[in-house]
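4 protein chains.
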Amino acid sequence: VVDSTAAQIGPGRRRGGPDAARAAALLDRFLSVRRATAALAAPLSAEDQQVQSMPDASPVKWHLAHTTWFFEEFVLSRAAPEYRRFHPRYAYLFNSYYEAVGPRHERPRRGLLTRPALAEVSAYRAFVEERVAEWLRGGRCGEADLDVLELGLHHEQQHQELVLTDVKHALFQNPLRPAWREDLPDPTGTAAPPLTFKALPGGVAEVGDPGEGFAFDNERPRHRVWLEPCALASRPATNAELLAFVEEGGYRRPELWLSDGFAAVRARGWEAPLYWERDGAGFVEFTLGGLRPLDLAAPASHLSFYEADAFARFSGARLPTEEEWELAARDEPVAGNLVEGGRFHPCAAAAEGEGPFAQLFGDVWEWTRSAYAPYPGFTPAPGALGEYNGKFMVSQVVLRGGSCVTPTSHLRPTYRNFFYPDARWQFAGVRLAKDLR
Amino acid sequence: VVDSTAAQIGPGRRRGGPDAARAAALLDRFLSVRRATAALAAPLSAEDQQVQSMPDASPVKWHLAHTTWFFEEFVLSRAAPEYRRFHPRYAYLFNSYYEAVGPRHERPRRGLLTRPALAEVSAYRAFVEERVAEWLRGGRCGEADLDVLELGLHHEQQHQELVLTDVKHALFQNPLRPAWREDLPDPTGTAAPPLTFKALPGGVAEVGDPGEGFAFDNERPRHRVWLEPCALASRPATNAELLAFVEEGGYRRPELWLSDGFAAVRARGWEAPLYWERDGAGFVEFTLGGLRPLDLAAPASHLSFYEADAFARFSGARLPTEEEWELAARDEPVAGNLVEGGRFHPCAAAAEGEGPFAQLFGDVWEWTRSAYAPYPGFTPAPGALGEYNGKFMVSQVVLRGGSCVTPTSHLRPTYRNFFYPDARWQFAGVRLAKDLR
Amino acid sequence: VVDSTAAQIGPGRRRGGPDAARAAALLDRFLSVRRATAALAAPLSAEDQQVQSMPDASPVKWHLAHTTWFFEEFVLSRAAPEYRRFHPRYAYLFNSYYEAVGPRHERPRRGLLTRPALAEVSAYRAFVEERVAEWLRGGRCGEADLDVLELGLHHEQQHQELVLTDVKHALFQNPLRPAWREDLPDPTGTAAPPLTFKALPGGVAEVGDPGEGFAFDNERPRHRVWLEPCALASRPATNAELLAFVEEGGYRRPELWLSDGFAAVRARGWEAPLYWERDGAGFVEFTLGGLRPLDLAAPASHLSFYEADAFARFSGARLPTEEEWELAARDEPVAGNLVEGGRFHPCAAAAEGEGPFAQLFGDVWEWTRSAYAPYPGFTPAPGALGEYNGKFMVSQVVLRGGSCVTPTSHLRPTYRNFFYPDARWQFAGVRLAKDLR
Amino acid sequence: VVDSTAAQIGPGRRRGGPDAARAAALLDRFLSVRRATAALAAPLSAEDQQVQSMPDASPVKWHLAHTTWFFEEFVLSRAAPEYRRFHPRYAYLFNSYYEAVGPRHERPRRGLLTRPALAEVSAYRAFVEERVAEWLRGGRCGEADLDVLELGLHHEQQHQELVLTDVKHALFQNPLRPAWREDLPDPTGTAAPPLTFKALPGGVAEVGDPGEGFAFDNERPRHRVWLEPCALASRPATNAELLAFVEEGGYRRPELWLSDGFAAVRARGWEAPLYWERDGAGFVEFTLGGLRPLDLAAPASHLSFYEADAFARFSGARLPTEEEWELAARDEPVAGNLVEGGRFHPCAAAAEGEGPFAQLFGDVWEWTRSAYAPYPGFTPAPGALGEYNGKFMVSQVVLRGGSCVTPTSHLRPTYRNFFYPDARWQFAGVRLAKDLR
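Chains as they are written, first to last, in this note's numbering: chain A, 423 to 859; chain B, 423 to 859; chain C, 423 to 859; chain D, 423 to 859.
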C-alpha cells in the first residue's frame with residue numbers, strides 16, 4: 423500500500439538526491455512547520471482552542487491533534503516498525519475523513535471533545551515530533567515514506583490556514599468581538615492602484631503540475647487545454663468596489679445572482695460580505711485583530727463564490743477560469759502578503775510589482791468560475807491517501823493564489839484550493855475577467 | 423427587450439424563409455406540441471394532476487398552466503397588442519422562476535393550488551391556443567417574436583418530460599403503486615449486446631451549437647476544446663450490471679463514492695436505484711405502467727450522479743465529459759427509444775444500430791462528469807428570458823442524449839440537460855468511459 | 423376485546439331499551455350523520471378534497487374514507503361475520519393512529535393519495551353504509567356492538583368539524599383566497615353585549631360524565647374537585663378586543679406571554695390571529711365564505727392557547743380551568759351558533775340568552791388553562807379503541823363548548839376537546855376568568 | 423419594583439427577626455453556597471467548563487457567571503447605590519431569560535463564549551462576592567432586598583444541580599467517556615427492599631407552601647384540593663425493574679406509551695434509559711465517575727416522563743399526581759442520598775427509614791403525572807423576577823423530591839421541579855401509584 427501511495431504523491435521522489443540528505447532537509451522543514459503551527463495557536467487560551475463555531479470549522483485543538491495524527495497514522499505506524507501509538511483512541515478522535523483508516527468521531531461534534539485537554543494534545547505533539555525526528559535521523563527512510571512525510575507537511579500547512587480562519591469565525595460569534603492578537607499592524611495606508619484589464623492570448627496551453635517539486639495529486643497530470651483570448655483584472659477587487667455593490671443594492675437585485683446564490687442571500691439574510699458590520703452610515707470589519715474601520719483600499723475578502731459571481735456580473739465582467747488564472751500566474755514568483763508577513767489581513771499592495779498582475783499570490787484566494795473536477799487522466803491512488811483530494815470533486819469551486827494566512831512555501835501557480843460556493847469564512851475574494859473577441 | 427432577447431435565441435432567425443411561411447410552419451408545430459402535452463395528461467384524474475410529491479417536482483396541472491403562461495407572458499403580452507390576459511393572477515401562480523417578470527407563488531406549495539381547477543386550466547389552454555393561432559395567422563409576426571414562440575415550443579417539450587417523471591414520482595408515493603397507464607407494452611425481451619469500449623481520438627475539437635437550427639443559449643457559442651484520447655462504452659450500463667453493483671455491496675463501500683455521494687447514501691438510506699423494490703430475493707421496479715419484474719437487459723435508470731459515478735468507479739471506469747459524449751454523438755441521427763415510441767420505459771435495443779455507439783439518444787439521459795457551466799463566451803440575454811438557463815450554472819451536472827420520455831424533435835447532439843448530483847427521479851443512467859494512454 | 427371495549431364506552435349500554443329499538447334509532451342517526459358529512463364535502467371539487475396543507479390537517483377525501491373505515495374496522499369486521507372488506511389495503515391507507523390495528527400510511531403523506539379517487543371513496547362510503555344498515559336491520563346486534571357504532575357516529579361528527587377546519591386552512595394557502603361556499607350569510611350586524619364577570623362559588627363540586635347518555639371515556643369517571651371562588655366572563659372576547667391587543671403591541675410584548683408562546687410568536691412571525699390579513703389600516707379575515715371585513719362584534723377565533731393566554735394577561739385576567747367552565751355550563755342547554763345554523767363562522771349573539779353566560783356553546787371553542795390529563799380513576803379500555811383518547815394525554819390543552827362548525831348533538835357540558843397549545847386552525851377563542859378573593 | 427418583587431417572594435419577610443441578624447445569617451449562607459458551587463466546578467478544566475452539549479444545557483463556566491450576575495443584577499444594582507458593574511456587557515452575556523432586564527445572548531450559543539475566560543469569571547465571582555458581603559455587613563439592607571438575596575441563594579443551588587447534570591451530559595458526548603471525578607464511591611451493595619404499595623386517604627387536603635420559610639412563588643398559595651384514595655409505592659423503581667421493562671420489549675411496544683412518547687422513542691432511537699450502554703449481554707451505565715456496571719439495586723434514573731409513564735403502564739400502575747406525592751411527603755424529613763452525601767449517583771437505601779415511603783427525598787427526582795400549572799390564585803409578581811417561574815407554566819411536567827445532586831437545604835415537601843416530558847438528562851426516576859377503589 424505504501425508503495426502505491428507513494429506513486430501518487432509523485433514527483434517528490436524524483437527530485438531527491440540521496441535519501442539521507444533528503445531526510446535531513448525534511449527534518450528541518452518538519453520542525454519548522456510544526457513550530458509555525460504552535461505559534462499560531464499560542465495567543466489562544468485552552469478555551470479558545472476548544473470551540474467549534476459551525477460544522478465546517480474545527481477547534482484549534484483538534485487541528486493541532488489531527489495534523490499530529492496524520493504523521494502517526496501515515497508515517498510512523500507504517501514506516502517505523504517499533505512505533506507504539508500515543509493513545510489507542512486518538513485515531514478515532516482525530517481521523518478527519520479517511521474511510522479506509524476506520525471509523526471516526528462525527529465532524530460536527532469535534533467541539534465537544536474537552537478531553538484530551540490542550541496540555542495532553544501538546545504532549546501528543548511533542549511525542550510524535552520526537553519519534554518522527556528519531557525516524558528521520560535513523561537513516562532508514564524509504565523514498566516513498568519521505569514522500570508521505572512531505573505530504574504531511576503540506577497537510578499541516580493547510581491546517582495552519584484553517585486554524586486562523588476557524589478561530590476568526592469562532593471569535594466572531596462572541597458579542598465582545600475579541601481579537602486573536604491585539605498587536606496586529608494597521609492597514610498600509612496605501613491607495614489601491616487603478617483597475618485595468620490585461621489580455622491573455624488564446625490557443626493551446628499547458629496547465630497542471632510541471633513536475634519540478636511537490637504538488638498534490640489534484641494538480642496532475644499536466645495537460646493541454648484550449649483557451650479563448652481573455653483579459654484579467656490587474657488586481658483583486660477592493661472593499662471600496664464591494665461597498666459600491668452593497669450600496670447600489672447588489673444584495674437585493676436577483677438579476678445579478680445565480681439562482682442558488684440569491685436563494686442563499688434570502689435564506690441567510692446576507693447584506694454584505696461576512697465580517698462587515700454596520701456602524702452608523704458605514705461599516706467596520708472584524709479582523710483577527712478585532713473590529714476595525716473598513717479598509718477601502720484592501721482587497722475585499724470573505725466572499726462566497728455566489729457573491730464573487732454576482733459582483734462580477736454587476737461589474738460587467740465574469741470570473742476567470744482556473745486555467746486562465748494559471749496562465750496569468752505561471753511565471754510569477756510566489757510572493758506578496760502571505761502569512762510570514764505578519765499582517766494576517768488583506769491590504770493594499772505597498773508597491774506595484776513588475777508583472778501585469780498584482781497580488782496574484784497572497785491577500786485573498788481568488789474564486790474562479792471552474793468547478794473542482796479531476797484533470798483529464800487523473801487517477802487517485804489506492805489506499806487511504808487516495809481520499810485526500812479526489813473524493814471531493816463535485817459541487818465545489820476552485821480558488822487560486824493563496825491568502826494573507828497561507829504559508830509561502832505551501833503555494834504554487836498550479837495549486838488548486840476548493841470550497842463549496844456558499845463558503846464565506848475563508849479569506850476569499852475576486853479578480854475580474856472578460857472575454858476578448 | 424424583445425429584440426435583444428431574440429438575439430440570444432439565435433439561429434432560428436437566420437433559418438427562415440419569409441415570415442409568413444415560418445409562421446405557418448410554427449402554427450402546425452404549435453398545435454402538435456400542445457396536443458402532445460394534453461395527451462400525456464389525459465390518463466390522469468384531476469386528483470392525480472393536483473399533487474406535488476416533493477419540492478423538485480410540480481403537479482401535472484401546474485405544468486399544463488405554466489407552459490400556457492409562457493406563451494401568454496412572452497409572446498401574446500408582448501407581441502399581440504390587443505391581447506387581454508385570461509386571469510390577472512395567473513402570472514403570479516404560474517411563473518416558475520422569472521424574477522424579472524415579478525413575484526410568484528412559492529415552488530414547494532404548487533401542490534396546494536386546488537383552484538384553478540383542472541377544467542379551468544383546460545379552458546386557459548384553449549384560450550391561449552386560440553389567441554396564439556390567431557396571432558400566427560394574422561401575418562404580422564416579427565421574426566424575433568417567432569423565435570420566442572419557438573423557444574416556447576421547446577420549453578413545453580421539456581415540461582412534457584417532466585409531466586411524466588413528476589407523476590411517476592407522485593404515483594410511487596402511494597402504497598397501491600398505481601400506474602399512469604395500464605396498457606404499456608412489455609419489455610422487448612431482447613438481450614443486451616456485450617459491453618465494449620470504442621476509442622475516440624484526442625486533439626482540438628469543436629463543440630456546441632453549429633447554428634443549423636434551434637438551440638438553447640447554453641449550447642452556444644460553438645467553441646474549440648482540447649480532448650485527450652479516450653474510449654466510451656458501446657451502450658449504457660444495464661440493470662444486470664447495476665444489480666451486480668448492488669449485490670457486491672456497492673451501496674455500503676465508501677471507497678467507491680464521492681464524499682458527498684456517500685453522505686447522501688447514508689442520510690437517505692439508499693440501497694438500490696430509485697424505484698427498485700425488494701421482492702423476495704430479487705427486485706421489482708416501479709414503472710409508468712406499475713410494478714414489474716426488473717428488466718435486466720434494459721439500461722439502468724433513475725440513478726443520481728453520485729450513483730452513476732460510484733458505479734463507474736466500481737467498474738474500473740469513469741464518466742465521460744460532456745465534450746467526449748458530444749464528439750461520439752455528433753454524427754449520429756436522433757433516433758431510438760424516445761417518447762414517440764410509446765414504451766415510456768428504457769428497454770434493450772431491439773436491433774443494433776450501425777454506428778459504434780448504441781442508444782446514445784433515448785432510453786436514459788447519460789450523466790457526464792461535467793459540471794454545468796457557461797461555455798467560453800457565453801452571455802445570457804438581457805431580459806427575463808436570460809434567466810432561462812444561465813442562472814442555474816452552478817452545482818449541477820450535465821446529462822446528454824434524452825430518454826424514453828423525451829420528444830425526438832426536442833433533442834440534438836449538442837443538447838445539454840442538467841440536474842443536481844443527487845437527483846434520481848429522471849430517467850438518468852450511465853455510459854462508461856476510460857482514458858486511453 | 424369487543425366486550426371490554428364496550429365496557430369503556432359506557433353508559434350508552436345502560437340507556438337502551440330493547441336492542442331492536444336502539445338499533446332502529448341508531449340507524450336513523452347513522453344515516454343522518456353520514457348525509458351530513460357528505461353535505462359538507464359537496465361544495466368541493468375532487469382536487470379540493472385531495473390536498474393536505476400541513477401534517478396536522480388531513481384531506482377531505484381522507485376524512486370521508488377514514489370515518490368509513492372506522493365502521494368497517496370496529497363494527498362490521500368484528501360484529502358482522504359475513505362481512506368482506508371493500509378493499510384489502512384500505513385499512514393501511516385509512517387507519518389514523520390505531521397501533522393495535524396494524525401499520526398505516528404516514529400521516530404527513532395523506533395528501534399524496536390520489537388513488538382511490540374521490541369517486542371510489544364515495545363508492546366505499548355507499549358500500550359500508552349499506553352493510554351497516556343491513557346489519558342494523560338484521561336484528562342481531564349486541565349492545566356492545568351498538569355502543570361501538572354510537573362511538574363511530576360521534577367519531578364521524580368530530581371529523582365533520584375537521585373537514586371544515588382543514589379545508590379552510592387548505593383554501594387559505596391559495597393566493598386567490600377561494601371560498602368553500604360563496605353563499606354564506608353575512609354577519610348578524612348585532613353589537614356585542616358589554617363584557618361583565620359573573621361569580622361562581624367555591625367548594626367541592628362534581629365534574630365529568632353524569633352517565634345520562636353517550637360520553638367519551640375521557641369524560642369519566644365523574645369525580646369531585648375542590649374549586650376556589652372565581653368569576654367568568656359573560657361572553658367570549660370579541661374581535662374588537664383582540665384588535666386592541668394587536669394595536670397595543672400585544673404581539674411584541676414578551677411580558678404578556680408564556681415563554682414557549684413568545685418563542686412561537688418570534689419563530690412564526692405571528693402578528694395577529696390566524697386568517698387576519700392587513701388591508702390598508704385595518705384587517706380583513708378569511709372565512710369559509712372567502713375574505714370579509716373583520717367582524718368586530720363577533721367572538722375572536724383561530725387563536726392558539728398561547729394567544730388566548732397572553733390576551734388574558736393583557737386583560738388583567740386569566741383563562742378558566744376546565745372544571746370552572748363546566749360548573750358554569752352544566753345547567754345550560756346546548757344551543758347557539760352551531761353547525762346546523764348554517765353560518766359556519768362566529769357571530770355576535772343575536773339575542774341575549776337567559777343565563778348569566780352567553781355563547782358557552784357554539785361560535786368558538788374556549789381555551790381553558792387545564793392541561794389535558796386523565797381524570798382520577800381513568801382507565802383506558804383494552805384493545806384498539808383504548809387508543810381513542812388516552813394516549814394523547816400529555817402536552818395538550820383542554821377546550822370546551824364547541825364552535826360554529828360543531829354538530830349540536832355532538833356536544834355536552836362535560837365534553838373535552840384538546841389541542842396542542844400552538845394550534846390555531848380550529849375555531850378557538852377565549853373566555854376570561856378571574857380569581858375572587 | 424423591588425418592593426413588589428419582594429411581595430411575591432413572600433413569607434421570608436415575615437420570618438425575620440431584626441434585619442441585622444438576618445443579614446448576618448444570610449452572609450454565612452451566601453458564602454457557603456458560593457463555595458459549594460466552586461467546589462463542584464473545581465475538578466473540571468477550563469475546557470470542560472467551556473462546552474455546551476445541547477441547547478438545553480449550559481457550560482459550567484456560564485453557570486458560574488450567570489449565578490453571579492443574578493446577585494449583581496437583582497441585588498447589588500438595585501440595593502447598593504454605589505455599585506459599579508464588573509463589566510458592561512456581562513448583563514448581555516449572562517442574562518438567562520429575563521426579558522424585562524433586556525436583550526441577551528442566544529441560549530444555544532452559550533458554548534461559544536470563550537471570553538471571558540474562566541479566570542475572568544472567577545474574578546467576577548470574587549468581585550461580586552466581596553461587594554455582596556460588604557453590603558450585607560453594611561447594615562442597611564431592607565427586608566425586601568434580603569428576600570431577593572435569599573432567592574438568589576436558592577437560584578444558585580438550582581444551578582449547582584445543573585452544573586452536574588450538564589457536565590455529565592457533556593462528558594458523555596466524548597467517546598473516551600471521561601469522569602467528572604475519578605474518586606467517587608462505589609455502589610452501596612445493599613439490596614433494594616421489596617416494592618409494596620402504601621395507601622393514602624382521599625378527601626380534602628391542603629397543598630402548597632405553609633409559609634414557614636423560603637418557598638418559590640410557584641408553591642403558593644397554599645390551597646385545598648380534593649384527592650381520591652390511592653396508594654404509592656414504598657420506594658422508587660430500580661434499575662432491575664427498568665431492565666425487565668427493556669428486556670420484555672418495553673421500548674418496542676406502542677400500547678405502553680403515550681402517542682408523543684412513542685414518537686420520541688422512534689425518532690431518537692431510544693432503547694434504554696439515557697446513559698445505559700450495552701456491554702455484551704448486559705448494560706453498563708455512565709456516571710459522574712465514568713462507566714460502571716449497572717447497579718441493579720439503585721433507583722432507575724435519567725428517564726424522561728414518557729419512559730416513566732410507559733414503565734408505570736407496563737407495571738399495571740400509574741404515576742402519582744403532585745398532590746398525592748406531597749401528601750405522602752409532607753411529614754417526612756428532607757434527608758437521604760443528597761448532594762452532601764458525596765455519592766453523586768443514586769444508590770439503594772443503606773437502611774430503611776421509619777416512614778412508609780423510602781427515598782422520597784434524594785436519589786432521583788420523581789416524575790408526577792401533573793402538568794406544571796399555576797396553583798389557584800397564583801399571581802406572578804410584577805417586574806423581572808416574576809419571570810422566574812410563571813412563564814414556564816405550559817407543556818412541562820412536575821417532578822418532586824430532589825436527587826443525589828440536590829442540596830438538602832434547597833428542598834421542601836412542597837418543592838416543584840419541572841421539565842419537558844422528553845427531558846432525560848436530569849436524575850429523574852419513577853415512583854409508582856395506584857387508584858384505590
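There may be inaccurate statements among the hints.
Stated by the list, open to error - Simulated crosslink set (SDA-like; lysine to any residue; CA at most 25 Å straight-line): (1) A:K856 to A:G560; (2) A:K856 to B:S499; (3) D:K620 to C:F800; (4) C:K856 to D:K620.
What the hints assert, rightly or not - Ranges of calculated distance between the beta carbons of each label pair, as one might list FRET restraints: (5) B:T618 to D:M476: 54 to 60 Å; (6) D:Y519 to A:G738: 49 to 55 Å; (7) D:G738 to B:A541: 56 to 62 Å; (8) D:P623 to C:R859: 56 to 62 Å; (9) A:P530 to B:R646: 42 to 48 Å; (10) B:Q580 to A:G564: 55 to 61 Å; (11) B:E556 to C:R714: 26 to 32 Å.
What the hints contain is simulated information worked out from the structure, not anything from laboratory work.
Don't be surprised by glycine CBs; every beta carbon is placed ideally from N, CA and C.
We went through each hint and held it up to the structure:
no., hint, result
1, A:K856 to A:G560, "violated (55 Å)"
2, A:K856 to B:S499, "violated (35 Å)"
3, D:K620 to C:F800, "holds (20 Å)"
4, C:K856 to D:K620, "violated (38 Å)"
5, B:T618 to D:M476: 54 to 60 Å, "holds (57 Å)"
6, D:Y519 to A:G738: 49 to 55 Å, "holds (51 Å)"
7, D:G738 to B:A541: 56 to 62 Å, "holds (59 Å)"
8, D:P623 to C:R859: 56 to 62 Å, "violated (28 Å)"
9, A:P530 to B:R646: 42 to 48 Å, "holds (45 Å)"
10, B:Q580 to A:G564: 55 to 61 Å, "holds (58 Å)"
11, B:E556 to C:R714: 26 to 32 Å, "violated (40 Å)"
The structure does not agree with the numbered hints 1, 2, 4, 8, 11 stated previously, though it agrees with the rest.
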